[in-house]
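*Asks:* Now for the letters of each chain:
Protein chains: 2
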Amino acid sequence: MESHEIHITIIGSGNVATHLGLALMEAGFIIEEVFSRNAKKAAELAEVIYAQPITELHKLGQDSDVYILAISDDAIGLMADNLSFLDNKLVVHTSGATPSTALQAHKRRGVFYPLQTFSEDVEVDFEQLPICIDANKKEDRKLLSLIASYLTPLVYKVNDEQRAQLHVAAVFVNNFSNYLYQIGCEITEATDLPFDILLPLIQQTVKKIDSDYQPIDFQTGPAVRGDKATIKRHLKLIKQEFPKYSKLYKTMTELIEVAE
Amino acid sequence: MESHEIHITIIGSGNVATHLGLALMEAGFIIEEVFSRNAKKAAELAEVIYAQPITELHKLGQDSDVYILAISDDAIGLMADNLSFLDNKLVVHTSGATPSTALQAHKRRGVFYPLQTFSEDVEVDFEQLPICIDANKKEDRKLLSLIASYLTPLVYKVNDEQRAQLHVAAVFVNNFSNYLYQIGCEITEATDLPFDILLPLIQQTVKKIDSDYQPIDFQTGPAVRGDKATIKRHLKLIKQEFPKYSKLYKTMTELIEVAE
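Protein chains in written order, with the numbering used here: chain D, 834 to 1093; chain E, 834 to 1093.
Don't take every hint at face value.
Given that identical chains are not distinguished, each listed pair holds provided it fits within a single copy or across any two copies.
Calculated cross-link-like contacts (lysine to any residue; reagent style SDA-like; alpha-carbon spacing at most 20 Å) [what the hints assert, rightly or not]:
no., residue 1, residue 2
1, K1065, D993
2, K1080, V1091
3, K1065, P932
4, K922, S836
These are computed hints drawn from the structure, not numbers from a lab. Fair warning: this is a prediction, and the values are worked out from it, not measured in the lab.
Bound conformation, chain D alone (with noise of 0.2 Å):
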């Protein structure tokens, strides 16, 4: 089947909708419709994507093959419910977090699950990208399949159960991740140095990992070294300057202590 014999219909008008949307036009999919309840929203995502813009559910059209609910986690099953006028129609949510059950309202449903990080201006790489999929029927299986195929080489079929294990190694990997980089933010800019004198660190730990070792091979730092002295005289500079950040430093200096 040709990408450009695939009909999909995305209701939602943020970063997932944008960024996913962009990728399947690009891939040659024809995107029938864009849903969102806000106007602008819905015609600046239309647009840019040959689609039509739709504001109100009950005028979707039952020509696509696949609908695609890229929108926040809590409105997928009210969503999903308001779909139920779709007849025998494959419904699919983008979320992480979210069962699969959400989308009970529909005989024939699924998981199209990007695991990557959207912002707005951010550009993704799709290539590079893990795209999750999940259906409760083999043939729709298979034609997820099939269209993420399109858009990375990276397809996994995963499970709920999976998924929701995933979500959290994502929170862990990413987010928290993230709040550590800001935390060395914040010390640097307090000591007069720039941020930027800590990129090459970061940059170099994750390019450190590769799929031949475990992270923990390549630990280094002085709880891994079971250094007192310097964890003493960190804590000591955390409580002084940083105070809300000794919980922090203890609980990561102990787990690493015990994984050695």
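Model the placement of chain E on the given structure of chain D, informed by the hints.
*Replies:* Same frame as chain D, but now just chain E:
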């Protein structure tokens, strides 16, 4: 002053000594001697950087312009004391965590701290490596700054107090991030997914960082969204499957919620 006019002795034969020795040699400096009590390691490193291997301290010559102590933090003070026979020579260490006063046996002392994580067999791009220098005499600061400038465009004058804070920041962004990757590795493998599935997300998290913004500007995830339902589900799953990470998840989530 050309690099080949500057003579350097390296004390140590570990990761920092090796990476730094090679970089200095390649930049055209004359590495006079390499000292290590381990004769095999001294010989190995000396051979690749065209230096004289030395295994007994008192055999060190007086011909170098700089003596670089690239040894473990807790050995620096003692080594500096043992090198007091060096007559009015500039002695520096490469440690982020050690105050320059550890070198007080020497009238001319300084710091040459490469802000990077060094592992055996992992190449380091010196063009992208900040070197933090300091010395108690102005002429020596100039000399260290000149040496560093042959290795990298990223040379920073960083005093003891700043370096102490910088080292704490480095622990957060490097050591702790790496451990978060380890947690991601454990969680994915526990659910029969390859750790590879997280790599694009990890890489994108770093790519987003830009000197125009603070990392907090790119913070995503349930904590920054105030998505209590997802946080609750995550904590339940972590408590069941990975209880040792409950405290860390809570601590990070609380920090991010407050930062918002």
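*Asks:* Sort out which numbered hints this structure fails and list those numbers smallest first.
*Replies:* Result: no hint breaks.
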